[in-house]
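Line order of the protein sequences matches chains A and B.
Using my numbering, read the first sequence as starting at 1 and increasing by one per residue.
Using my numbering, read the second sequence as starting at 1 and increasing by one per residue.
Please keep in mind that the hints were generated in silico from the structure rather than gathered at the bench.
Glycine included, each C-beta is placed from N, C-alpha and C at the ideal position.
Heads up, a few of these hints could be off.
One-sided and incomplete, this derived list gives chain B residues near chain A with beta-carbon spacing under 7 Å [said to hold, decoys possible]: (1) Val75; (2) Tyr76; (3) Gly77; (4) Tyr163; (5) Val165; (6) Lys176; (7) Thr182; (8) Cys186; (9) Ala188.
Number of protein chains: 2
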Amino acid sequence: MSKGLLLILSGPSGVGKGRIREQLLQEMPELIFAVSATTRAPRPGEIDGVHYYFLDESEFQRRVEAGDFVEWAEVYGNRYGTPGAPIRRWLEEGKEVILEKDVQGARTLRRVFPDGVLVFILPPSQEELWRRQEGRGTEGPGEMTVRRQAAGGEVASACWYDYLVVNDDLRRAVDKVKAIITAERCRATRCLGEVQNIDRA
Amino acid sequence: MSKGLLLILSGPSGVGKGRIREQLLQEMPELIFAVSATTRAPRPGEIDGVHYYFLDESEFQRRVEAGDFVEWAEVYGNRYGTPGAPIRRWLEEGKEVILEKDVQGARTLRRVFPDGVLVFILPPSQEELWRRQEGRGTEGPGEMTVRRQAAGGEVASACWYDYLVVNDDLRRAVDKVKAIITAERCRATRCLGEVQNIDRA
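Full structure from sequences and hints, please.
So this is what it looks like as structure tokens:
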């Protein structure tokens, strides 16, 4: 097991992963957010290199061919990729890394980083999820229908995650993810070095 | 996996398991403390049925023969046993049960309740553990030596636990165990029922 901790936040589109992740990063500044690359257009307020690396198709393709991404996928007509080298370096250095991934990407990352901790964010209900997706207002009606159809299957895939957190309330959901991070820091497989030091003392 | 949660707090004698457990029960009153039986004499302030069921040798032996204990062992010349029926009933009912066990007992319980969550409480150092054992002043010097010898091996056995918590500070240790309980409540294997309800919604 690598020294660091990789936390993968996932869940259906519109469930509120982004807001949970932002709040987590504020309250646990020791976490490193691993920024993904995408060919989709920035939403209002999104900053290149902070929320995503916004790349055009040809640059994205160049990086795919260079093997820069540990996973990449096309989702709703846009491509998303996870740069692997920085994550591997941080984990080697014992850092704690947080990733935000759609369900498809999280599934691939589980295979690339088997020690990664997968947290699935759930909506309190299917209706609430649709309401939130509409409320965001960043997608056209066609895209909405595609997202709605996908969300049913995505929720069903929660069974191969490590943890499930219902996002009924942002504060409660953030506190649960923080508890998961604290608990994972205490995992015997992660901190046996400490015990060996005590035995040698 | 049973509906409830069984948390087994363990660690070397004198490490402070009892104080952590007492604080936990105050702050999470939904937890049920599964009281063990013992043939040892009560320490000052200990109440029968609250801290232990204090039994004489013949009553303890009667219960051993009746199969009342899921595990029992002799530790430092006294016998300790864990009544099984109430724990099984609570877990069936979806309750959250906390047990405080020496290292030997915890090892047996791991086999009886494979879904149990084992938390090993560690001293910040071996010297600090000895200091705490002496500070308690409830054992004679001979018993102290036996406990000291055992503690080395007990700390080494931490590797087959789920979580390790260093008790350097009571507040910090309690917060870590609370985070572990919160995280375990979010475990996908424990709460998939919730997801199925969302899918049906």
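To see whether the hints hold, each was checked on the structure:
{"no.": "1", "hint": "Val75", "verdict": "21 Å, violated"}
{"no.": "2", "hint": "Tyr76", "verdict": "21 Å, violated"}
{"no.": "3", "hint": "Gly77", "verdict": "26 Å, violated"}
{"no.": "4", "hint": "Tyr163", "verdict": "4 Å, holds"}
{"no.": "5", "hint": "Val165", "verdict": "6 Å, holds"}
{"no.": "6", "hint": "Lys176", "verdict": "6 Å, holds"}
{"no.": "7", "hint": "Thr182", "verdict": "4 Å, holds"}
{"no.": "8", "hint": "Cys186", "verdict": "4 Å, holds"}
{"no.": "9", "hint": "Ala188", "verdict": "5 Å, holds"}
Checked against the numbered hints above, the structure violates hints 1, 2, 3; every other hint is satisfied.
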